[in-house]
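Trainee: Going down the list, the sequences are from chains X and F.
Taking our numbering, the leading residue of the first sequence gets 1, the next gets one more, and so forth.
Taking our numbering, the leading residue of the second sequence gets 377, the next gets one more, and so forth.
You may find that some hints are simply not true.
Unchecked claim - In silico lysine-lysine, BS3-like type, Cα no more than 25 Å apart, as pairs:
1) F/Lys650 to X/Lys192
2) F/Lys650 to F/Lys678
3) F/Lys568 to X/Lys274
4) X/Lys302 to X/Lys333
5) F/Lys678 to F/Lys380
6) X/Lys274 to X/Lys302
As the list claims (entries may be wrong) - Derived coverage of chain X by chain F (criterion: at least 3 residues anywhere in the stretch with Cβ under 8 Å from a Cβ of chain F; other residues may be distant):
7) 58-72
8) 93-99
9) 110-119
10) 260-271
11) 283-294
12) 327-336
13) 364-373
Stated by the list, open to error - Some, not all, of what chain F presents toward chain X, calculated at C-beta under 7 Å:
14) Lys423
15) Ser489
16) Lys523
17) Met530
18) Gly651
19) Glu652
20) Ala696
21) Pro698
22) Cys700
23) Thr705
24) Ser738
25) Arg740
26) Asn742
27) Gly743
28) Phe744
29) Pro746
Calculated from the structure, these hints are not laboratory results.
Here a beta-carbon is modelled for each residue, glycine too, at the ideal position from N, C-alpha and C.
2 protein chains.
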Amino acid sequence: MTPKIDQFLRSEAPATPCLVLDVDRVEENFRRLQVAMPLARIYYAVKANPAEPVLSRLVGLGSSFDAASFEEVEACLAAGAAPEHISYGNTIKKEAAIKAAFDRGVRMFAFDSEGELRKLARSAPGSRVYCRILVGNDGAEWPLSRKFGCELDMARDLMILAAELGLDPFGLSFHVGSQQIKTTAYEAAIAKAAMLFTDLRDAGVQVRMINLGGGYPVRYRSEVPEIDAFGAAIMGAMTEHFGNALPDIVIEPGRFIVGDAGVVSAEVVLVSRKGEDDPVRWVYLDIGRFGGLAETEGEAIKYTFRTPHDGSEEGPVTIAGPTCDSTDTLYEKSNYRLPLQVESGDRIEIMSTGAYVTTYASQRFNGFAPLAEHYI
Amino acid sequence: MTPKIDQFLRSEAPATPCLVLDVDRVEENFRRLQVAMPLARIYYAVKANPAEPVLSRLVGLGSSFDAASFEEVEACLAAGAAPEHISYGNTIKKEAAIKAAFDRGVRMFAFDSEGELRKLARSAPGSRVYCRILVGNDGAEWPLSRKFGCELDMARDLMILAAELGLDPFGLSFHVGSQQIKTTAYEAAIAKAAMLFTDLRDAGVQVRMINLGGGYPVRYRSEVPEIDAFGAAIMGAMTEHFGNALPDIVIEPGRFIVGDAGVVSAEVVLVSRKGEDDPVRWVYLDIGRFGGLAETEGEAIKYTFRTPHDGSEEGPVTIAGPTCDSTDTLYEKSNYRLPLQVESGDRIEIMSTGAYVTTYASQRFNGFAPLAEHYI
Chain X
1 MTPKIDQFLR
11 SEAPATPCLV
21 LDVDRVEENF
31 RRLQVAMPLA
41 RIYYAVKANP
51 AEPVLSRLVG
61 LGSSFDAASF
71 EEVEACLAAG
81 AAPEHISYGN
91 TIKKEAAIKA
101 AFDRGVRMFA
111 FDSEGELRKL
121 ARSAPGSRVY
131 CRILVGNDGA
141 EWPLSRKFGC
151 ELDMARDLMI
161 LAAELGLDPF
171 GLSFHVGSQQ
181 IKTTAYEAAI
191 AKAAMLFTDL
201 RDAGVQVRMI
211 NLGGGYPVRY
221 RSEVPEIDAF
231 GAAIMGAMTE
241 HFGNALPDIV
251 IEPGRFIVGD
261 AGVVSAEVVL
271 VSRKGEDDPV
281 RWVYLDIGRF
291 GGLAETEGEA
301 IKYTFRTPHD
311 GSEEGPVTIA
321 GPTCDSTDTL
331 YEKSNYRLPL
341 QVESGDRIEI
351 MSTGAYVTTY
361 ASQRFNGFAP
371 LAEHYI
Chain F
377 MTPKIDQFLR
387 SEAPATPCLV
397 LDVDRVEENF
407 RRLQVAMPLA
417 RIYYAVKANP
427 AEPVLSRLVG
437 LGSSFDAASF
447 EEVEACLAAG
457 AAPEHISYGN
467 TIKKEAAIKA
477 AFDRGVRMFA
487 FDSEGELRKL
497 ARSAPGSRVY
507 CRILVGNDGA
517 EWPLSRKFGC
527 ELDMARDLMI
537 LAAELGLDPF
547 GLSFHVGSQQ
557 IKTTAYEAAI
567 AKAAMLFTDL
577 RDAGVQVRMI
587 NLGGGYPVRY
597 RSEVPEIDAF
607 GAAIMGAMTE
617 HFGNALPDIV
627 IEPGRFIVGD
637 AGVVSAEVVL
647 VSRKGEDDPV
657 RWVYLDIGRF
667 GGLAETEGEA
677 IKYTFRTPHD
687 GSEEGPVTIA
697 GPTCDSTDTL
707 YEKSNYRLPL
717 QVESGDRIEI
727 MSTGAYVTTY
737 ASQRFNGFAP
747 LAEHYI
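Using the sequences plus the hints, can you model the full thing?
Mentor: Here it is in structure tokens:
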């Protein structure tokens with residue numbers, strides 16, 4: 001938690017649940033990433049937190065933007081981003097959304113299928129397109145399965161088709177999974193992409209960009225490698241595979257930019273036990289999986305907590321949200337412990353919750369309004 | 377799909393994604409349930425669908441309401457419900473919410489812990505309270521784990537404490553899990569509750585109500601027992617265990633009342649394959665897990681689909697939502713098949729989606745607005 005957030009929580013005691021996000025920390029993270037990967041161009045993954053104060057600060061810093069939808073394109077433009085600094089990075093787009101983005105000046109689009117490529121050729125003619133390839137997600141705490149990307153053979157054929165359709169076969173992209181804690185995941189993916197660069201060059205298609213996606217981790221409950229380690233591993237692999245003929249390098253960090261800039265302030269609604277001798281207390285908060293903490297699904301992302309009783313004796317807990325849905329349980333199997341003194345009415349802070357919280361919140365499940373947001 | 381919904385979709389072709397719900401079907405389901413369980417008082421589980429047209433139709437039919445939050449209490453009152461017909465059924469409540477409900481006239485509250493009971497004694501003095509006990513959820517497609525309810529020994533002590541605190545120890549409740557397809561689940565739970573009735577009578581506490589919760593299933597992909605079978609099993613078990621001294625019987629159906637009254641109309645955004653020889657197509661819709669279909673988590677609830685090409689040759693598919701989150705995949709392991717002709721731009725209907733869809737929708741994940749709602 002930054003001193004500014006701590007001060008805000010103490011002086012304002014805002015109604016819970018809410019997110020308090022320190023926009024200066026966003027700037028620090030952006031600059032830290034620039035230093036770690038000076039040759040990469042940063043496209044902030046808007047979906048991580050699309051709030052206007054975040055976007056406009058990043059516009060001021062010269063960031064580019066990775067938009068998941070036309071609505072996110074509009075949010076970037078409204079925050080002052082130039083359309084040439086926006087990439088429409090979702091490989092699944094309605095053709096009307098492609099056209100709307102193209103009409104607003106966006107000229108870079110992702111794809112991973114022939115169907116999408118043909119939509120792009122019709123509705124975003126001449127644009128730069130990049131093909132997402134499937135790579136391993138081993139090491140990622142929020143892995144991405146096979147939903148996005150295609151096999152190398154298909155990617156090769158599609159890039160050739162892109163040129164035939166009048167599009168600019170500009171680049172290749174991959175994603176090693178979110179909250180990726182292994183630097184080697186990038187190395188393996190770069191090797192795979194480099195092979196395809198060569199194949200395509202031999203086929204007469206000169207690819208000029210590699211998009212390394214995001215995934216750079218934030219410290220939650222466990223230590224993660226420093227961003228410098230990722231930068232070194234990535235640049236090492238890039239040099240090994242591309243030598244002096246480095247393509248443009250694009251990265252799409254989301255979590256890394258905003259994750260540790262935000263804190264959710266919540267209230268303990270109830271502390272109980274299921275039986276009189278049950279050693280495990282249930283601690284129910286006024287925010288849960290459907291209030292924004294969606295990434296606790298499967299206990300994947302393990303946030304840390306700050307309570308007013310930290311430092312005193314602790315005991316095992318199950319931590320759950322406030323709704324009448326039992327899947328709205330945050331942590332039951334991850335051996336969480338909280339002070340024995342924690343009680344109903346306590347304020348509790350959930351650390352490093354600046355990413356993937358606000359927009360995941362349900363509109364009114366069980367009648368609960370989405371969490372409030374404070375950008376300071 | 378009811379003829380009225382079919383007609384609406386054909387004549388209006390509303391923008392997708394949207395829910396179209398036939399309020400007449402809500403009424404039919406309510407009446408069907410009354411016939412199947414004439415001795416039970418129906419408390420509609422508002423969280424299943426809190427839309428005003430649903431609530432006001434049910435008010436007109438004499439329904440009572442099970443509210444999960446003060447906001448849901450307010451929604452019921454706004455729709456014309458009398459406060460004495462509202463039960464505040466969430467066992468996890470902020471004390472301010474208890475007080476607010478009490479101030480609006482609500483006099484029935486759930487609890488499952490000492491902490492909650494003491495809040496009720498302070499902020500809803502003299503109210504009827506009922507204790508939720510833990511029972512098995514075997515047979516439920518959306519089981520409820522241990523988040524709600526307490527062990528029998530604790531329930532016994534808490535009911536005695538309720539009386540000592542000046543509350544009315546009115547009843548016991550349980551929940552056999554949502555989309556429960558085994559009638560025996562209710563029988564086992566009733567037996568358990570009946571034992572506690574006896575214990576408490578011996579301790580001088582006369583319990584007068586049993587709340588059987590909800591869970592009554594809707595037909596999705598598989599056949600489910602008719603509601604009459606549940607009614608017969610439940611009344612058989614009640615008679616077996618309580619004889620002529622039947623307590624008040626409360627049921628809290630949600631899904632059963634609204635589930636098959638609604639249809640989600642969606643659009644196919646993309647159909648693709650991951651490799652050129654991949655037999656499985658990926659079909660991406662403009663609604664997914666974060667757009668309202670949250671109950672597809674773990675592929676628990678298996679909706680059926682209607683396409684413009686039904687009856688033609690089918691092939692295997694993975695069905696996914698439109699966001700850049702790979703957990704936004706609906707069905708990958710459940711052997712779904714769709715017509716080979718399904719293509720980008722097709723309208724597709726997702727059947728029996730009247731329950732647990734609208735309020736689960738994220739407020740704007742990836743920039744996508746929540747689904748529209750049409751009550752007809």
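Trainee: Can you confirm whether chain F covers the region 58-72 of chain X, using C-beta to C-beta distances below 8 Å and requiring at least three such residues?
Mentor: Check passed, 6 qualifying residues.
Trainee: How does the region 110-119 of chain X fare against chain F when you require at least three residues with a CB closer than 8 Å, holds or violated?
Mentor: holds (count 6)
Trainee: Does the region 283-294 of chain X contain three or more residues whose Cβ lies closer than 8 Å to a Cβ of chain F?
Mentor: Our answer is that it holds, as 4 residues pass the Cβ test (under 8 Å) against chain F, meeting three.
Trainee: Go check the region 327-336 of chain X versus chain F for me, would you? Three or more residues, Cβ under 8 Å, otherwise it fails.
Mentor: Coverage by chain F holds here, the residue count being 4 at a Cβ distance below 8 Å.
Trainee: Does the CB of F/Pro746 sit less than 7 Å away from some CB of chain X?
Mentor: 5 Å, holds
Trainee: Is the shortest C-beta separation between F/Gly651 and chain X less than 7 Å?
Mentor: Where the cut-off is 7 Å and the nearest Cβ of chain X is about 4 Å from F/Gly651, the hint holds.
Trainee: Does the closest beta carbon of chain X sit nearer than 7 Å to the beta carbon of F/Ser489?
Mentor: 3 Å, holds
Trainee: Hold the hint about F/Lys523 up to the distance rule: shortest CB distance to chain X must be less than 7 Å.
Mentor: 4 Å, holds
Trainee: With a cut-off of 7 Å, does the beta carbon of F/Phe744 approach a beta carbon of chain X closely enough for the hint to hold?
Mentor: At 6 Å from the nearest chain X Cβ, F/Phe744 passes the 7 Å test, so the hint holds.
Trainee: With a cut-off of 7 Å, does the beta carbon of F/Arg740 approach a beta carbon of chain X closely enough for the hint to hold?
Mentor: 5 Å, holds
Trainee: Run the distance test for F/Lys568 versus X/Lys274: straight-line Cα separation, threshold 25 Å.
Mentor: 16 Å, holds
Trainee: Has the region 93-99 of chain X got at least three residues whose CB is nearer than 8 Å to a CB belonging to chain F?
Mentor: That given contact holds, which follows from 3 residues of the region 93-99 of chain X lying within Cβ reach (below 8 Å) of chain F.
Going down the numbered hints, you'll see the structure goes against none, and every one checks out.
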